[in-house]
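Starting from the structure of chain A, add chain B where the hints point.
Listed below are the residues making up each chain.
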Amino acid sequence: MSVSAANASHAFECYIQQYRRTWRGSVFSTFLMPLVYLGAMGVGVGTLIDDPGVTGSLGGSYLDFLAPGLLAASVLLVVIGECTWPVISQIKWDKTFYAMLATPLSSTDVLVGHLAWVGVRAAMTAAATYLAMLVFGVVDHALSLLTLPAAILTGLALATPIYAFAVTRKNEASFSLLYRFGSVPLFLFSGTFFPVTELPTAVQPLAYVSPLWHGVDLCRTLVAGGTTLPMALLHVGYLAGWMVVGFVLARRGFARRMVV
Amino acid sequence: MFVTRSMTSRGKGRRMFERNVLAYRSGWFVFASGLFEPVFYLFSLGIGLGALVGTIDVGGRQVPYPVFVAPAMLAVSAMNGALTETTFNMFARLKYARLYDSVLATPMRPVDVALGEIAWALARGGCYSAAFLALMAVMGYVESWYGLLALPATILIGYAFGAVGMAFATFMRSWQDFDYLGFVIMVLFLLSATFYPLDVYPDWVQPIVQWTPLTQSVELIRELTTGSISAMTAVHAGYLAVLSVAGSVASSRRIDRLLCQ
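Protein sequence lines, in the order shown, are assigned to chains A and B.
All the letters of the first sequence, read from the start, carry residue numbers 283 to 542 under this note's numbering.
All the letters of the second sequence, read from the start, carry residue numbers 22 to 282 under this note's numbering.
Same shape as in the complex, but just chain B:
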């Protein structure tokens, strides 16, 4: 019932988006600086560490290590970009700035807030992804025209993590709880086939790691930029789509419960 009622007000999320654009006009340098983090990681762990590793097997071919790592950095940066916006920034607006209390005093509904915030997170992440993908292409780390699809794929990744992250942010009690979130993000970052392939793990661990959301995201991007497309590529995308829908429904319900009752 709740979802149908809320869905009738679709479209006002745009106002939430506009608010964030206005708010960031004075912080454009902080906004732009977000691009540099994946670039530093690419240069350090892709190229510097890559010199020690040499080549690595992707889809039955040997590729230079940066070709293997760069798509993972792209997926990670899409995840991080969306999560920063929908957890840290959202928590600050929810608890301290009390932004949503004022927003909901207007004709806007919780679902508008959720969709507007996620749309903003995606737009922000999309800017970083496009720039990083362009850098990858210039450096010769995109080996297939399918690589162009990596940009919409990062949007899907951002949506999935952003929506789920927002649902979690509504459960946060204080900044201390972010220690747990940071730990989860770091574990995902290090263990999700980002820096080495899944077959490094013992046989019984592989299926567990395989189905974490970041592994799915990394493999999606990696298959697109190296052109190793298979039925699995569609499975990765489907997995992320399901996560996106579940996260959006959960987070708009939570915002409704927190602020409208």
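Only chain A is shown next, with the shape it has when bound in the complex:
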């Protein structure tokens, strides 16, 4: 159950090597997608929202409202991709985990190495969205760079519970359900596209429980310059809580599955 930084970095390296062979396709999904998304949803739909009463309540143009939310939310899609099918694949099909565990690496080393890679992917996605925001002129001060660590934290807060779930699955069938009933509603109702206050009152508490909402709100207030230290700490603490609990469960599940 031990973990050593050197060992975990060996596991991590495996994913970098893999990515070096397969990065081409993800250039489109990672780096061009935020531009298309901000162009279509931010600028395109933004032209339909011309009522000053509405843009006033959003605290700026629709593009300004959407962009930082999207920065946090884009991480969700990457994380769910990295922590579901690849996990089962490395257990059942490629058996990469067995190969790693046949070396001096402990199961926690392997898990930490893989999660570190997931964090890197989250950072790449967040950075791509941040660049798109620069292109569209949404960000104008250095504090907004804090959205990058905020997005990585959001990514890991979502990654560890998903990992804990994935590692207990016998096959991939439940992932399409997780995607439809987990990731899609989270993406659509966590305040990314419209304020949570637009939701029916009965549903609003669900949105506030969602870790993604905390990530979205943190990024949005960081970009708008409207965050306060207690509020930022609350968001960070909540996200860290999800990350830690998820990690404990994932570690236990991983060890149980791989080391009998």
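Fair warning: there could be bad hints in the mix.
So the derived list for chain B, only partly shown, Cβ under 7 Å to chain A, looks like this [said to hold, decoys possible]:
1) Phe38
2) Glu39
3) Phe57
4) Glu58
5) Leu73
6) Val74
7) Leu211
8) Tyr260
Simulated restraints, written as ranges between beta carbons of each label pair [claimed, not checked]:
9) A:Pro487 with B:Pro173: 41 to 47 Å
10) A:Gln300 with B:Val230: 32 to 38 Å
11) A:Gly508 with B:Pro173: 46 to 52 Å
12) A:Ser371 with B:Leu219: 37 to 43 Å
13) A:Val417 with B:Arg194: 31 to 37 Å
14) B:Asp122 with A:Ser291: 25 to 31 Å
15) A:Arg539 with B:Leu219: 50 to 56 Å
16) B:Val230 with A:Val309: 47 to 53 Å
Pulled from the structure, derived: some chain B residues nowhere near chain A, Cβ distances all over 10 Å [stated by the list, open to error]:
17) Arg35
18) Phe50
19) Leu70
20) Gln83
21) Val124
22) Ala152
23) Gln227
24) Leu261
No lab work stands behind these hints: they were computed from the structure.
Each residue gets a CB set at the ideal place from its N, CA and C atoms; glycine is no exception.
This is chain B only, laid out in the frame that chain A set:
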């Protein structure tokens, strides 16, 4: 020559269809869950975002935003349903399950496989479309009796995308290639007059966007559910019909080349 030879075995595609029905009997919940995705999008982007947008001009009338967005979600879900089946699932059967190798060891021909798979994709998409259209009607987002024609229209959309998607799937080398496909689907989804009308684009972009397959599909459905029928409605349908035929011919030729030689 090839097409005429293959066409003589028409009818056996039904067996391929039956195979898929049997295969999904144990996965009915996954099957049923496919309905929820467009519904979530309708509630979020149609109603939630719609509260910020208010009304929008369709055929010279102001309609609430969900009336504008819901037909687009219907067209998108018809596209996605057909593409999932004929690209992801087809690739898995072709490369990993080696299903078609066994199928072609029977009297079935590549064209049967292509037609059977497309028919299955259409049946699956048709179930989702019918349910979503019913939901739209219940929520008051179908403003004309022409809306009933939206169901056959979704089948046409599914056929066009399914056939073209299958032809592309035969060129896929690995799962990594699906990154490109996913990107194309996402670009179509976001830019095809789905969430805002064409006139938002600069003048020189409009004709390009206008003639993408998803824009044609979205406008077809939107004209039917809002009752803004015109000569363009027939043009949209004709465009999709041409795409369907071209896609079917191309995909059965490709399957023939991959598996029979």
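Status of each hint after checking the structure:
A distance limit of 7 Å between C-beta atoms decides the matter here; for B:Phe38 the minimum to chain A is near 22 Å, and the interface restraint is violated. Hint status for B:Glu39: violated, given a least beta-carbon distance of 22 Å to chain A, over 7 Å. For B:Phe57, the interface hint holds, the least distance from its beta-carbon to any beta-carbon of chain A being 6 Å, beneath 7 Å. The interface hint given for B:Glu58 is met, as the beta carbon of that residue sits about 6 Å from the closest beta carbon of chain A, less than 7 Å.
Look at B:Leu73: its Cβ gets to within about 5 Å of chain A, closer than 7 Å, so that hint holds up. Hint on B:Val74 holds. Least Cβ distance to chain A is approximately 5 Å, under the 7 Å limit. Hint status for B:Leu211 relative to chain A: holds, with the closest Cβ pair at about 4 Å, below 7 Å. Using the Cβ-Cβ criterion of 7 Å, the hint placing B:Tyr260 at the interface with chain A is not satisfied: the shortest such distance is roughly 22 Å.
For the pair A:Pro487 and B:Pro173, the supplied restraint of 41 to 47 Å holds, since their beta-carbon distance comes to about 42 Å. Between A:Gln300 and B:Val230 the beta carbons are some 37 Å apart, a value that agrees with the proposed interval 32 to 38 Å. The hinted range of 46 to 52 Å is satisfied by A:Gly508 and B:Pro173, whose Cβ atoms lie roughly 51 Å apart. Distance hint check for A:Ser371 and B:Leu219: the Cβ-Cβ separation is about 42 Å, which falls inside the suggested range of 37 to 43 Å.
The given range of 31 to 37 Å is respected by A:Val417 and B:Arg194, whose C-beta atoms sit roughly 32 Å from each other. One distance hint, 25 to 31 Å for the beta-carbon pair B:Asp122 and A:Ser291, is violated here, with the actual separation near 43 Å. Under the hint 50 to 56 Å, the C-beta atoms of A:Arg539 and B:Leu219, about 52 Å apart, fit the expected range. Range check, B:Val230 to A:Val309: Cβ separation about 24 Å, and the 47 to 53 Å hint is violated.
Interface exclusion of B:Arg35 from chain A stands, the closest Cβ pair being 27 Å apart, more than 10 Å. Listed as outside the interface, B:Phe50 is inconsistent with that label: its C-beta sits roughly 7 Å from the nearest C-beta of chain A, within the 10 Å cut-off. Separation of B:Leu70 from chain A is inadequate, the least Cβ-Cβ distance of about 5 Å not exceeding the 10 Å criterion. Non-interface call for B:Gln83 relative to chain A: holds, since the shortest CB-CB distance, roughly 12 Å, exceeds 10 Å.
Against the 10 Å criterion, B:Val124 stays outside the reach of chain A, whose nearest CB is about 23 Å from its own CB. Remark: the non-interface label on B:Ala152 is consistent with the geometry, its nearest Cβ contact in chain A lying 14 Å away (cut-off 10 Å). Separation of B:Gln227 from chain A is adequate, the least Cβ-Cβ distance of about 13 Å exceeding the 10 Å criterion. Remark: the non-interface label on B:Leu261 is consistent with the geometry, its nearest Cβ contact in chain A lying 23 Å away (cut-off 10 Å).
Comparing the model with each numbered hint stated earlier shows that hints 1, 2, 8, 14, 16, 18, 19 do not hold.
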